[in-house]
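Protein chains: 2
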Amino acid sequence: MADINEIAKVFVDFYYGNFDADRKNLRNVYKDISMLTFEGQQIRGVNGIIEKLTSLGFQRIQHKIQTVDAQPSHPSAGSILISVTGQLLTDNEENPQRFSQTFQLVPDGPGNYFIYNDIFRLCYM
Amino acid sequence: MADINEIAKVFVDFYYGNFDADRKNLRNVYKDISMLTFEGQQIRGVNGIIEKLTSLGFQRIQHKIQTVDAQPSHPSAGSILISVTGQLLTDNEENPQRFSQTFQLVPDGPGNYFIYNDIFRLCYM
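Line by line, the protein sequences give chains P and Y.
When we follow this note's numbering, the leftmost residue of the first sequence carries the number 1, and every step to the right adds one.
When we follow this note's numbering, the leftmost residue of the second sequence carries the number 1, and every step to the right adds one.
These are calculated hints, taken from the structure and not from any lab test.
A portion of the hints provided could be inaccurate.
As the list makes no split between identical chains, a pair holds if one copy fits it or if it spans any two.
Said to hold, decoys possible - Below, computed lysine-lysine pairings styled on DSBU-like, alpha-carbon distance capped at 30 Å:
hint: 1; residue 1: Lys9; residue 2: Lys31
hint: 2; residue 1: Lys52; residue 2: Lys9
hint: 3; residue 1: Lys64; residue 2: Lys31
hint: 4; residue 1: Lys24; residue 2: Lys9
hint: 5; residue 1: Lys52; residue 2: Lys24
Make the full structure from the sequences, and use the hints.
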């Protein structure tokens, strides 16, 4: 089995790369049982989650990842907890905003995972 | 069963209240299978975790919680994912630091939980 830190890195590169290029591409990593809490708003299921992500009020976004930490989230199920901190820039903004995002990835067939939990917060002062 | 947002709030009040009063008191919420990733350093087991928390280089600390988000982290096991953002002040520092902390609580008998996962990061600019 691949090291979970390596899985976390591959996932984070994939997730934010697709988020910044075309958020619709993230449809395949969520399922109907997936949950997103976005700035306190709770959404369940891939359709609602993609609708939320694609309706956010900016045209362009760029994530800059600062830290990625991963732990196994179950003694035997192979699920992975990932905590990310970083900065994001939208449209023509010059001042980046800090964010914190937590994922739990759950195995979905050999070598594949889907996002079961997703919690996103901007870090205000 | 109590609402998970309520459980998260009770846990957060308990955790940071004890952290700020006397970190040794947190011994009861970790077990030998618990994991802590503290600013990238990985520690496993209650003894190592408490040793880490009590050896941090400040005498006084005060956490101010800004956001608490909770989701069920398993379809049936009753475990809870909690993501916290906030500020902390140590000793005589006047400028607070932002932090992000993620917990997974796992049931430990009726109405009780222990911390299985704990990931802590300061949010730098």
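Status of the hints after comparison with the structure:
1. Lys9 x Lys31: Result: close both inside a copy and across copies, 21 Å intra and 28 Å inter.
2. Lys52 x Lys9: Cα proximity of Lys52 and Lys9: in one copy and across copies (25 Å, 26 Å).
3. Lys64 x Lys31: Within one copy only: 26 Å inside, 35 Å across.
4. Lys24 x Lys9: within (21 Å within a copy, 34 Å between copies)
5. Lys52 x Lys24: Classified as within: same-chain Cα gap 10 Å, cross-chain 42 Å, threshold 30 Å.
The structure is consistent with each of the numbered hints, conforming to all of them.
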